[in-house]
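Visitor: Spelled out from the first residue to the last, the chains are:
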Amino acid sequence: MSDDAREAFVASFEVAAPDGPAWLQALRKEAISAFAAEGFPTPRSEAWRYTNLAPIARTAWTTAPATAVALDRAAIERLSFPVFACSVFVFVNGRFEPALSTPRALAGGLEVGSLAAASIERPALVEPYLGRLARSEGAPVAALNTALFADGAFVHLPANTVVDAPIHIVHLALPGGGPTASHPRTLVVAEHGSRATVIEDFVSLGEARMLTNSVTEVFLGDAASIEHVSLQREGADAAHLAALRVRQSRDSRYTGHGISLGGTLTRNEIVAVLDGIGAECELNGFYVASGKEHVDNHTTIDHASPHGTSRETYKGVLDGEARGVFSGRVIVRPDAQKTSAQQTNKNLLLSRDAEVDSRPQLEILADDVKCSHGSTIGQLDEDALFYLRSRGIESVAAQALLMRAFATEITGRISIAPLRERIDELLLARLARARAEAA
Amino acid sequence: MSLLEIEDLHARAGGSEILKGLSLGVRPGEVHAVMGPNGSGKSTLANVLAGRPSVEVTSGKVLFGGRNLVEMAPEERAREGIFLAFQYPVEIPGVTNLYFLKAALNAIRKHRGEAELDAMDFLKLAREKMKLVEMDEKMMGRAVNEGFSGGEKKRNEVLQMAILEPRLAVLDETDSGLDIDALKIVSKGVNSLRSPERSMIVITHYQRLLDYIVPDFVHVLAGGRIVRSGGKELASELEEQGYAWIEKGAAPR
Chain A
1 MSDDAREAFV ASFEVAAPDG PAWLQALRKE AISAFAAEGF PTPRSEAWRY TNLAPIARTA
61 WTTAPATAVA LDRAAIERLS FPVFACSVFV FVNGRFEPAL STPRALAGGL EVGSLAAASI
121 ERPALVEPYL GRLARSEGAP VAALNTALFA DGAFVHLPAN TVVDAPIHIV HLALPGGGPT
181 ASHPRTLVVA EHGSRATVIE DFVSLGEARM LTNSVTEVFL GDAASIEHVS LQREGADAAH
241 LAALRVRQSR DSRYTGHGIS LGGTLTRNEI VAVLDGIGAE CELNGFYVAS GKEHVDNHTT
301 IDHASPHGTS RETYKGVLDG EARGVFSGRV IVRPDAQKTS AQQTNKNLLL SRDAEVDSRP
361 QLEILADDVK CSHGSTIGQL DEDALFYLRS RGIESVAAQA LLMRAFATEI TGRISIAPLR
421 ERIDELLLAR LARARAEAA
Chain B
1001 MSLLEIEDLH ARAGGSEILK GLSLGVRPGE VHAVMGPNGS GKSTLANVLA GRPSVEVTSG
1061 KVLFGGRNLV EMAPEERARE GIFLAFQYPV EIPGVTNLYF LKAALNAIRK HRGEAELDAM
1121 DFLKLAREKM KLVEMDEKMM GRAVNEGFSG GEKKRNEVLQ MAILEPRLAV LDETDSGLDI
1181 DALKIVSKGV NSLRSPERSM IVITHYQRLL DYIVPDFVHV LAGGRIVRSG GKELASELEE
1241 QGYAWIEKGA APR
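Those sequence lines, one after another, are chains A and B. According to my numbering, the residues represented by the first sequence are 1 to 439, in order. According to my numbering, the residues represented by the second sequence are 1001 to 1253, in order.
Don't read these hints as lab results, they were simulated from the structure. Where is the CB? At the ideal position from N, CA and C, for every residue including glycine. Hints are not guaranteed to be accurate.
[What the hints assert, rightly or not] Calculated lysine to aspartate or glutamate pairs in the EDC-like style (CA-CA distance at most 20 angstroms, straight line):
(1) B:K1131 - B:D1181
(2) B:K1110 - A:E394
(3) B:K1124 - B:E1165
(4) A:K346 - A:D424
(5) B:K1153 - B:E1165
(6) B:K1138 - B:E1128
(7) B:K1188 - B:E1030
(8) B:K1153 - A:D383
(9) B:K1153 - A:D381
(10) B:K1153 - B:E1134
(11) B:K1153 - B:D1136
(12) B:K1153 - B:E1091
(13) B:K1153 - A:E382
(14) A:K292 - A:D251
(15) A:K346 - B:E1091
[Stated by the list, open to error] So the derived list for chain B, only partly shown, Cβ under 7 angstroms to chain A, looks like this:
(16) A1078
(17) V1095
(18) L1098
(19) A1104
(20) A1107
Bound-form chain A, shown alone (with noise of 0.2 angstroms):
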């Protein structure tokens, strides 16, 4: 495979390797090293069968500028979500812009900010965590992330900090000359106790080719909770390659939430251990794909401890001559007897060409568990719709209807109201859109 791609992220770091601290220049040697040895992953290696890089691979990328064009506030909240009070964090291409954020409600300790400063000023807070759950070895797609990122975003919640209002990260890309590439990186650090919802909203500026490198890491410490929204609505010539890492202590809850509405190449890759007792995880993912679109969720879920709890439901809609793979891994170690997991990918493909790979899969080291799982392939109900359009509702209507309480299931699961309703006007509007390319 032609590997422009890697001899030009390698050049980009020898020229200019991104600053930071003795710690953090190592970490980044070692990541720029395991990626320049490995490359991008080929469909010879068995996590990555049923989503080819090569068009990213070949590509020579650039890093996208820190800022390319000048920006205000009114962009900025056309994009977010204006109807609750929500501090909002804007990322560029990776960098933190204090100037475009409005943080509103910074309770009980509560940090939100620029990774590379919390890396200089507070090193002992982000040193012990970054790049701990995102190794570098065997996962040269993170390394470069590693390797690359200028900045990023901490945030960070003291012991028993509760915050109400969600924390609003916005990974902004806008786009350069050529094909340009960003890595925004996402620090989670929930001291025990402590409980938020954080959303990660990955938003682009301007259509042109653009990959989106992300990697979030979110440690829990003991009891604490966290609601995470990634919301994926890039343009539709942007690649987006994202890797989620979650380390649950005791007692601790985690519910992600990733919604996919499409881009040339989506890659989800989830990594949540449960590594203390009575730890529960909840992930729910949506995606939509339509035209030549590819999204692809690979998700491991890690039952490391007893008694731990985790449901995983993955719901996806294809149209056209979209192709969506879902590899859903459940691993339960020796110890972790009690565990009770549940795991399920249901998907409704609109048209003939469209195609999916569903793999669920279970591995049971323990004897004393409750796991289940399944997955469905299917088309919308021909009856329910005949049913609608009888009572004169019109055809694309009723099928927009019902794929949108397809999507309920799903949606109905984040807690916040007004996130909830905005999230399903997103999905309503993406899947009229896919529904209208096809006609």
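Given the coordinates of chain A, work out where chain B should sit on it, guided by the hints.
Guide: What follows is chain B alone, placed relative to chain A:
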């Protein structure tokens, strides 16, 4: 003038011809019962009128208010005033009854050139109509027909009919699967909707329903055609003699 005019209708479903030359005229305000044994084409007739895509009209004429019904999409028929009460109402998880009914009514109102109802006004209307079928208000917040009992589903059909106010209601075996109490409630609801402007076609296998919804005319459908028509007394005759005479090719005496 007839509201509905069916002439020499032939229709196919599931790969075979089911209706083979059916003719029927319905004037405004009339209630016609269509009875017949299993497989005679009763449900196919209902589906032809509502426009189910899997049923294909191969020849004949169906005029509704003078317009060619066969060329109209199902939603267009509904907006023009045709309502099918389904034999098996469909469950739609994730869509509340309230949302569904409001969307349907507003689609129809828009077509009639009337203002759409907002959530408050709609709820007021729905509450009033729910009394007709003794339905609990909680049913409005539930997903369409999901987890409803057989009786609840049929009452929900009559509720929809009450809200959408069709010109022609086709009741496809609305009595099937109902116990006598539910049958009485459903019939009471249907009877309250009878009016000089509203016609009904009541399709049933059993005479029992016609004790409660008394028709003006009764037709016997067999082998895809109407083989006999008469007044309401024909239903009682059928009840006594069953459908065996049809198979023997003789008229009942």
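Visitor: Does each hint hold? Answer for all of them.
Guide: Hint check results:
About 16 angstroms separates the Cα atoms of K1131 (chain B) and D1181 (chain B), which keeps this hinted pair within 20 angstroms; it holds. Proximity of K1110 (chain B) to E394 (chain A) is assessed by CA-CA distance (about 12 angstroms); at most 20 angstroms being required, the pair is judged to hold. The hinted pair formed by K1124 (chain B) and E1165 (chain B) meets the criterion: a straight-line CA distance of about 16 angstroms does not exceed 20 angstroms. Taking the CA atoms of K346 (chain A) and D424 (chain A), the gap is about 18 angstroms. The hint holds against a cut of 20 angstroms.
Pair hint K1153 (chain B) plus E1165 (chain B) holds up; C-alpha atoms about 18 angstroms apart against a cutoff of 20 angstroms. Using a Cα cut-off of 20 angstroms, the hinted pair K1138 (chain B) and E1128 (chain B) holds, with the two alpha carbons roughly 14 angstroms apart. For the hint linking K1188 (chain B) to E1030 (chain B), the alpha-carbon distance of about 17 angstroms falls within 20 angstroms, and the restraint holds. Straight-line distance between C-alpha atoms of K1153 (chain B) and D383 (chain A) comes to about 15 angstroms, which keeps the hinted pair within the 20 angstroms bound.
Taking the CA atoms of K1153 (chain B) and D381 (chain A), the gap is about 18 angstroms. The hint holds against a cut of 20 angstroms. Taking the CA atoms of K1153 (chain B) and E1134 (chain B), the gap is about 13 angstroms. The hint holds against a cut of 20 angstroms. The straight-line distance between the Cα atoms of K1153 (chain B) and D1136 (chain B) is roughly 13 angstroms, inside the 20 angstroms bound, and the hint therefore holds. Between the alpha carbons of K1153 (chain B) and E1091 (chain B) the distance comes to roughly 9 angstroms, so the proposed pair stays at or under 20 angstroms and holds.
Under the criterion of a C-alpha separation no larger than 20 angstroms, the hint pairing K1153 (chain B) with E382 (chain A) is consistent with the structure, at around 19 angstroms. For the hint linking K292 (chain A) to D251 (chain A), the alpha-carbon distance of about 42 angstroms lies beyond 20 angstroms, and the restraint is violated. Distance hint between K346 (chain A) and E1091 (chain B) is fulfilled; the C-alpha atoms sit about 18 angstroms from each other, no more than 20 angstroms. Given hint, A1078 (chain B) at the interface with chain A, holds; its Cβ is 4 angstroms from that chain's nearest Cβ, closer than 7 angstroms.
Checking V1095 (chain B) against chain A: minimum C-beta separation of about 5 angstroms stays under 7 angstroms; hint holds. The beta carbon of L1098 (chain B) comes no nearer than 13 angstroms to any beta carbon in chain A, farther than 7 angstroms, and the hint placing it at the interface is violated. Because the smallest distance between the Cβ of A1104 (chain B) and any Cβ of chain A comes to about 4 angstroms, under 7 angstroms, the interface hint for this residue holds. Annotation: interface hint on A1107 (chain B) holds; nearest CB of chain A at approximately 4 angstroms, less than 7 angstroms.
The structure fails to meet hints 14, 18 from the earlier list, while all remaining hints are met.
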